[in-house]
Each structure stands twice: as structure tokens, then as C-alpha cells.
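Engineer: Chains as they are written, first to last, in the working numbering: chain A, 4 to 567; chain B, 679 to 1111; chain C, 766 to 1026.
These are computed hints drawn from the structure, not numbers from a lab. Any given hint might turn out to be false.
To be verified - Once the Cα atoms are required to be at most 16 Å apart in a straight line, the calculated EDC-like pairs of lysine to aspartate or glutamate come out as:
(1) 814/C <-> 1087/B
(2) 837/B <-> 204/A
(3) 90/A <-> 781/B
(4) 88/A <-> 781/B
Claimed, not checked - Estimated spans, in silico, between C-beta atoms of each pair:
(5) 355/A <-> 682/B: 54 to 64 Å
(6) 923/B <-> 432/A: 51 to 61 Å
(7) 355/A <-> 986/C: 22 to 32 Å
(8) 1020/C <-> 160/A: 44 to 54 Å
This structure is a prediction, so every number in the text was calculated from the model and none was measured. Glycine included, every Cβ here is placed at the ideal spot set by N, Cα and C.
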Amino acid sequence: MAEGELLIKNGVVYDPINGVNGEKKDICIRDGKVVEEVKNPKVIDAGGRVVMPGGVDIHSHIAGGKVNSGRLFRPEDGRRGLEAKTKVCRMQSGYSVPNTFATGYRYAKMGYTFVMEAAMPPLAARHTHEEIVDIPILDNAALPLIDNNWMTLDYVKSGDIDLLTAYIAWIIKATKGYGVKIVNPGGTEAWAWGKNCDLNDTVPYFDVTPAEIVKSLGEANEKFEMPHSIHVHTNMLGHPGNFGVTMATYDLVKGIKPSKDRQVLHATHTQFHSYGGTNWGDFESKADAIADYVNKNEHVTIDIGSIILGDTTTMTADGPMEYSLYQITGRKWTNHDVELETGSGITPFLYSGKSPVNTIQWAIGQELALLVKDPWKVALTTDHPNAGPFIGYPILISMLMSKKRREESAADMHSAIYDRAALPSIDREYDLYEIAIITRGMTAKALGLHEHGKGHLGVGADGDVAIYDMSPEERDAGKIQKAFLNTKYTIKGGEIVVKDGEVVATPAGKTYFVTPECDDTLTEEMLKKLKDKFEHYYSVTFNNYPVQDAYVPNPYEIKAPMRG
Amino acid sequence: MEITDVVCALCGCVCDDLVVEVEDNEVKKVKKGACSVGKSKLMGHGRIKSPAIRENGSLKECSYDDAIKKAAGILAAARRPLLYGWSSTVCEADKVGIELAEEIGAVIDNTASVCHGPSVLAIQDVGLPSCTLGEVKNRADLVIYWGANPTDAHANHMKRYSYISKGYWTAEGKKDKKLIVVDVRETKTAKVADVFIRIEQGKDFLVFSALRALLLGYEDVVPEEVGGVSKKDLLEAVRLMKEAKFGITFFGMGVTQSTGRHNNIVNAIQMTRAAHTHTKFSIMPMRGHYNVNGFNQVCTWETGYPFSVDLSRGYAWYNPGETSSTDLLVRRECDAALFIATDPGAHFPGESIRHLAKIPVIQIDPFANPTTEFADVVIPAAISGIESEGNVYRMDNIPIRLRKVVDTEYLPDEEILEKILEEVRAIREKEGE
Amino acid sequence: MQTIRLKLKEEVMSGNARIPVEVDSLTPDKLVGKNEAEIKAVKVWWGNKEENTGELFDVRVEGEAGSAEEVKIVMEGDLSRVKHIGDGMKAGEIEAIGDVDMHCGAMMTGGKITVKGNADCWAGREMKGGELIIEGDAGANLCAMYRGEMTGMTGGKVTVGGNAGECAGQYMAGGEILIKGNAELLAGLNMHGGKITIEGDAVMPGADMTSGEIAVKGKVQDMMPSFKFAEAATIEGEEYKKYIGDLAMTEKKAKGVLYVK
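The following block holds chain A by itself, in its conformation from the complex (with noise of 0.2 Å):
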């Protein structure tokens, strides 16, 4: 946090949250917050741009033991990205799968202040920290994943949503973690031994559905006031015709009351979970019965995990599904079970334009974020490096607002297009204001981090602010690319971090972590049943298991108490 005054004048600022659509605003920041007025400002004129308040990503892998398995098999990604020190900054390497350094560095030119890791296994938390610690400049938290551990399989299996929730407070504190993160649940675990699970199969062993655990994480996570719902990567992710999966995991928790106002499930990477088809011959976008129930239901998020066309880095705690897209292209795969928890796979993947099936996920993404009418349902992402590389942020953002751009860009594509999806079709186009909202304003309610400074520009926020270089009447699609790219100004906390385009300051970012308040017997109760897992199943020890304070230098704590 920068002390002193800034003031940013004379610019246009979308600001959704606070209702503030297009206005010739100043901003005032003291002390690295947003406050009523200053005195003796250092003054930005931002000459008639766009202001918005500092990005924030919803999902995002930029830190862990995946990504970083990610960057060590990849030394052919690592050298497409490979720019030398300056004063300022460190080394940076990588595209898809960029060193921490330039994940800050790229984010923060984008406008970007905030990014949730989106999967933190557990047992291998520290790594995640680590990692974070050393990308500059975001503020960040990250999401361990809890749905395949054997202590919430049990507990689903006897019922005991007390316990479990006891389970799920105990290891988002012991990673220092931020959520209830949901991955192919059930499936991983069967992937332990090369199965995989469908939303009402039976967990090989364990005697309970991935529906099952869906809807127990859902209640356990309601019993606290979390910042965020359950955000979940659901079951048959990449499989054609899973739209049917999807929309039935949404249902699992539509009764649920949320403890606070917001969502009670994300759906992560929708993209990925919209087909039709039942085979990759008669593959279909089903984007449009998804978006159909996204506007009928109030209870689901999403956010869209759009194609980058090119190569990039394929990575997922979702074990099966990696080794399914390895089969496809015979390219180099890794795999990592993580035991009594979760597992991992990662391949590299290049989404062609020549390719029916690529084609029409290109079109899906968008078509997710078109046809959802309310933006405060939707958010922008690329579930990085999944569907494509986060820096692919601008390409979307100019798509979504230029019907012409994407027609000009289908034309270049497979035909498929026009049979298998509706892109063509919808003449929709986004105006800053409903980008503003999908890529900080949506994206901080989801994720509750409003009422903590981000993704607003209120009195009282943090001073986070990107300026673009572009007027809000600029309609070229490749001005508008351009703009979100490099950033005139992006200011965290009151300070400069990239000025024209450069990153002028490299500040450490905070990590928010939640604490959920469990009642002490059921924790004690619960601790029971754990420890006997470390005596006899886990290879860490109970009281090495913690993440330690030394790994998260920069905090910013939650506490979520139980539901009164």
C-alpha cells in the first residue's frame, strides 16, 4: 500500500458495482484507499479514457504444483516468452505457462490486481504459497480442493454434514486457503485407479455418487458465512454431451439457502461443460440451453473458460480428463495423485481453427457470455492456461464487443460454425460497462471480496485502478484489444505499477484467506477420524500437515463464523 495521495482526473469511469456507468469521475486514493477527497495529490490525467476499477479473475492457475510441473515439461513454451531483467523487473519466460514473475508483470498490464489460483491440493499447499509469494504485484488467494479427500467421501457416505463441515473449516485454514473448491468430484479419486465417474456412479470403494458429495459441500459450506459459494469444475468436463451432467450438478443445490447474498455454486470453465453430441463427429454447443438455465436460475455463476486459438498448457486436478485429451494427441502427459485428496494431469494442446470440434468450443465461450442476459451471472475467463493463456484476456474482451470482429474471425474457421453453434447467430455486443462487470464487478461479488476493497472503486475500497488507452467511443476491435493489452496506468493500492505499458513498480500482493469458526467439539470430534488417517494412510505427519505463517508474509484474513 502506497502512503500518500493520488488523484485521477478527468476520467470516464465504469465502475458496475457502485452503479457507475461511463461518468466523467475523479478518483481520490489515500493511503493506498479509495477516500471522499485529497488535499495535496500527486494527479493522473487521464485525458477522457477508461477507468475501471483493478481486474479481478475469478479462476486462474498461476501458482502450484501443476503449473509449475506445467513450466518444467514445457522448456518449448518457456522459451516463447522469454524477455531479459531491467531495473525493475525480474527475468520472464513462458506464454502458456509463464515463471511467477511475468504472471504478475502480464496481469498487472492488463489492469489486473487480483487473481484466484483456482486449485490447491492440499497436501501440497505450502507449494502454492510459495509460488504466490513470489508472483509481484497481484493480490491473490487460492481455493484448496476438498472434494475427493477420504475424510469428506466418508462423511458424505454416513451423512454427517455437521462433521464435514467441521473437516471442510479445518483444512481451508490449514492451507490457508479461500473456498470450497469442487473438482470432477468422485472422478478423481476413481482415477486413482484409472476410472473415471459419471454424476450418479457409484465412487469405486467409498459407496457414494459425485452427486452425493456435490450437494453435501454445498449445505457444509452454507453452515458458515463464506465469502464464496462452492465453485465447481463438474464431472464429465470435455466429454460431448455432458450439457445434461452440467445442468443437473446446478439442480443438486437449488434448494440451498445462500448465508449471504450471492450464488450458491460457480460453475467454473462452462466452456468445457456445454457440449451436445455424443461423439467428437456429431459434437454440438449446448451453450445456449446452459445460458437458458443461468437466466431462469438465480442460485448459479458462471464463468466461461473461452478458446485461445494456438498452443497451450492443459492443466486439471480432473486426472481423467487429461489422460483422455493425451489419447487424442500422443503429446507428453503428466499425471500426479496426490494421496487421500485430489491428483492432477497436464498436456499440452493446440486449439486449431482448422479443427470442427476446436471450432465450435471457440464459439461456445462466447456464446456462454453472450446469450447469460444478466453479466452479474457470467464472468470472463480462460480458465488459464486451459482453454488458453490469460494474456488471451483482450481477444475476448474485443470479440464480445464487436459483432464484426467475430464474423471476421469465423470466416477464417471451419464451417462447422455455422451448423454446430450459435455464435453466428447472436448479434449481441458488450459495452464497457458489461465488461467492466464481467471481469471485476461480477467477478468480486462472486467471490464476496467486495466487502473487502476489491472490484469497486467506492469510498473505501483499495486505490486499485486501471486506466486504458482508449476512448469509450472506440468501436475498432483491434484499438480495443490493444487498450486491455497494456494499460496506460494500472495503480494497486494507490501506487503506479505500470505506466504506458510498462511496469514501473513491482509491490508484493496480499493473500486473503478465510477462516471458518467451527464449533470446538465438532472439531474435536472430527479430529478423531482425521489423525487416524495421518496414522495410518497419509506419508506427512498431522503436525507437519499446516501450512505455517512463514509461507503467507503478506495476509489479509476472513473470518467466516457459522451461521447464525
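For chain A, the structure is supplied; the task is to place chains B and C on it using the hints.
Structural biologist: Okay, now just chains B and C, sitting in the frame of chain A:
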């Protein structure tokens, strides 16, 4: 005082359930958990007593400040410095080392370069289908050690994690499992195996290819004998692999350092991929030093590459064989070297040592070793895991925090490096003026 | 025609350490149109510092050139620690007199390089076009891919007068390699296009190949156990056995052809 959950800073097993007895700020006894080698490390031996600088051929004791100044001067002036070691210290120190390398345009490399570097190169060709050691403990019903002899080199490995351990689906321990050992000689581990396959030196690659062909069903093309192994024995191994519910291959330096080197590992991984078409199969390198993996992890997230990183142009150039420490030394490329927590004096080829004798050498280590005998600056450090804490990565990528169990006046590696870096920056600033 | 003579000064390699000089900035296409003074001012890396070419090399320019095609660079002196000779070269000619260090002709797309001596590892790495002639031996990874890539050489022609080290033509996808001597371990590893001719002996050639062609005129030591004999074949009047492989990559993918005596 009894301290529990102490983490062993010896090999890649990183056992974390040690119980030690500490009295008068000294480890008196290791009561539980450690193997004999781990025990001896914890008890300590042969410390370097004081910082020292070589003058007229002999080391002369000096202050930390003087030794650090001298070291910084050497590094700041070098045109192609090498910073090597990093596997027997904590990640926090590795991070500062990388920053120092970046500052002075050095090549930074860890001991992977002379042990499991080939495994990393192989992973870069084909990936690594693997898992944590707890997965093996709970599920594996087939364990293969290939070119690895854990009975001697990783004494707790079989007991804690693999053949002998007991887990959820393996409650009966080794009764529930099969053990295959593949090696050029009948090792101690081979003696307890259900199946021992003796192969000819340097023929691992051929045998892996033959197993792949058999696993994929091309029995007709495979000749009657491959690499000294009969087709019958190969078929038996393939049968066990296909029948297993969960198979794992652990491989050691017998594969990484024999003819074919990293391509042997590529082929071992390819065999794992072929086996995975039948059942769950994983593979894991038996990493040596307790944090050899940790340096690779840190170096990867900071530079993009795991080891042998040349930062002379300000960005990373990675090419083991060119930018690896032994190659640099044999080719006489570097003009200064810093060794931390390692002993090239004992492990590097003679040609390398001859070159080291001609260039300025800095050593940071708690213990004296053959490198001390020719180092020009010697800086003693606290012993990680006994006198200082920090993060390390087990051979299966699990991060574990080393504990500090006694106090010391020696500086931890991290702090020594920070001071050198600070001093280097001061020199550079002065030069800039 | 223009000839640019670059002779490495003796003092560059006379210290205790033999620090490599990296000359990817000195190709005909990058030097064309520059006079002697300008060439001397072109930066080359020597260890962690950039130096002027004129500081490290004696530079002499003879004649004039209208295009890179008319430029010939002659490199002399002790080149055994001069790396990246002709790296990325597009046109013109380079003649290196003596043994050269790694990455000679890497990523070249056109023109011609002649090495009058041995070339260390990675010569012709990821070469796309042009011609590379190594009169002596080539080190390991001749015409191979960069670490982690799945494509090595894609075009051009390479001739090695002597022997080649391990993994010649790894991940090769196109072009031609002629090795007049022997090839060490694993020539044509992962090859998926192009042609390698080995006039001498080879060890484990063709492992994991999925396409392309390898012919070994000498002896094959350690034939891969996962190749299938197809038929007898005659090439240029000589009898060969034709094998198809590598079946370890699955039968569907195994479209590589290996001719052995």
C-alpha cells in the same frame, strides 16, 4: 527435551516423523524414525569453524563480513560465474541464489545435473505419469525398482512408502504385493524381490522398448532375447504388470547414468504409458538429496527452467549438456565458482577439479569437505533442518518444512546469500558511478 | 561479391577460462550493407557482457555486396569456443576454418555453412533450409529439436564428413542428413519425416520413429527389438533388409522405414 515430527534432511525420502532428544542445545539422540545414515547426519560432525580466506596457499580465519565482501568481489568481477549445489539447503536459500545469479549473469545449476538431470530431460520429452508416495503406500500391488537399490541408498523407502509399507488397500504389507527388481547385478534389494531381472549393462533402452512392444501386443516382433533378458522373463514381467491394480516403477541412477542416459528414462516413461493402457501405472525417480527436487521447483517457477540455467544475457537459456556445471568446468568455460551445500571436490571429474584450481572458488557449507581444500573463500553455514528451518520438496513433490531443533551462531544459507547479493549490488552501484 | 573476414583474436582464448563468444549477430543477412567500422561495432556476447565485434575479432572486408546472397563470411582463429555460428542465418555463405562450438547453423533457413573441422553439439538444430557441411565430426544432437519440442530439422541438407554423436536427427521432420562415418546411439530417435543416410555403423537407430527413412550401410549394433521385418530391398544396387517401426509407438503410428544390411 524430546522433539517430535522432526524432518530428516538427508535423502529424497524426507521422513518427517523423527523423534529427537535435545539437551544443552545439542542433539543427543535420535529416538525414532530415521535410518542409520539420517541419524548420523542429525548428530553432526566436522564443522567448518570460522569464515576464512585463502592467503598464500592457506586458509586464514576472518569475519563473516570480510568473507562475504571477498566473495562478492569475486562474483561481481566474473564474466562467466557458476553457482552450483543447492540440493542440500532450503528453498528460501535457493531463491536468493537465483536472484544472485540473475544479478551477476551467472550459470546456476544444482546437483540434479549429475544425478537425476536426465530424468528431468526425459519428462520434458514425454511427461511423467506419477503420484505421491502415500498413493503407493495405500494402493500399489506391484512395485518395480529399476536401476535402484533402496536398501542401501534410501533405507526407509520400502518401509515407509512401497513394498513393505502397509496402507488402506495394502493392509497386509508385502503379502499383498509383488516386487520386481531390474538391475545389472543382484543387489540387496534384488535378493528380496519376487522377480529379479538381470540385464546387460547399457541395454536398458532396448529392454524398455521390448516391454512396450509386448504391452501393446506385438509379441511376434520381439526377439527371443533382449539386452540379456529372455523373452520368457519379459513376458512374465508384462503379465504381472497387466494383472496389477496399481503398478509403480521407481528408477535410480542405474538408469539415468548408464548408456542412453535420459533416453532410457524417456523409454521407461513410455513403458509406463503403455502399461497404463491396461491398468493404473505410475513412475517416479528416486531423487537423492533431500531438496534436489526443491531447487528444481524454485528454479522452474522463477526462471522457467529446472536446472542448468544460463542467465548471462539477463534471461534464461536452458540447455543441459551445454549449461550444466560439469560441462562448463570440463570445457573450462567459467572464471569463478560458488559451491553451496555440495562437494564437487569429491564428485566431479578430475578435469573439472584441475580447472577449479585455477579460478577463484567460494564455498558455503556447514561441513568441511574436499572442496574446502582448494576453496579461496570458505563461509560456514547453519545446518538446515537442525539449526535453521525452511521449505524442501520430497522426491514426489510434497513440500515439507524443515524444523529448527537447536540454536546456532552460524548464519543460515539464505542470510549469507542475501548479504553477498547486497554487497554485489553495492559494488555494481559504485561501478555505475 | 563481398568477403568479410573475422579472425578471433588470440587473447580472447588465452586466459585460464575459455569463455565462449556467441556470434548469432554475425550472419550475412545481418551484416549486409555494413562497412568495416559498422561491423566492428556490432555487438556479440562474451560471457555475461556484450562486446563490440572489433574488440574480439580482427575484421577485414573485401569487395561489395548488394544483397545477403553476395556476402561470404570467413571465420578464422580458435573457433572451438565460438558458439551459434550462422544461427538463424537466412542467406549468403559462412566458412568456418577449424573446429566450431555448439549450435552452428541452428535454425538456419537458407544459405550455406561450411565447417572445415569438427562441429560441437546441436549443429543444425531445428534447421529449416539451406545447406550445412561439416567436414569433420559432428557432436550430439545434430539437427535435433530444442529441449521439449517435438520437431527437429524440417528442411535443408546436412553432410557430415566424419562421425555423428548421439541422437542425430532426433524429432527430424524433413530434409536430409548424410553421415559419411558412424552414428552413435539413437540416430533418428522420434523421427517423423526426412531422410538419414549413415554410410558407416549405427547403434539402436530409429527408436520411436513414426515416419521418415533411415538407411545404414555399415553394421547395426543393438537393433531395436520393436521393429518388424517387411521385405528385402535393393537401393542403388545394394541389398538391404527393410524394417518398419517403431511398434513401441503402436502399430498405427509405426510408419518409419529402416534399411539395414
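Engineer: Confirm or reject the claim that residue 355/A and residue 986/C have a C-beta distance inside 22 to 32 Å.
Structural biologist: violated (42 Å)
Engineer: Kindly confirm whether 51 to 61 Å is satisfied by the beta carbon distance between residue 923/B and residue 432/A.
Structural biologist: holds (55 Å)
Engineer: That 54 to 64 Å hint for residue 355/A and residue 682/B (C-beta), does it hold up?
Structural biologist: holds (56 Å)
Engineer: Using the C-beta atoms of residue 1020/C and residue 160/A, is the stated range 44 to 54 Å upheld?
Structural biologist: holds (50 Å)
Engineer: Are the Cα atoms of residue 814/C and residue 1087/B separated by 16 Å or less?
Structural biologist: Distance of about 39 Å is beyond 16 Å: violated.
Engineer: Has the given pair, residue 90/A with residue 781/B, been kept, meaning a C-alpha gap of at most 16 Å?
Structural biologist: holds (10 Å)
Engineer: Please verify whether residue 88/A and residue 781/B have alpha carbons no more than 16 Å apart.
Structural biologist: holds (9 Å)
Engineer: Could you grab the alpha-carbon distance between residue 837/B and residue 204/A and see if it respects the 16 Å cut-off?
Structural biologist: The hint is violated at about 35 Å.
Hints 1, 2, 7 from the list above are not met by this structure, while the remaining hints are.
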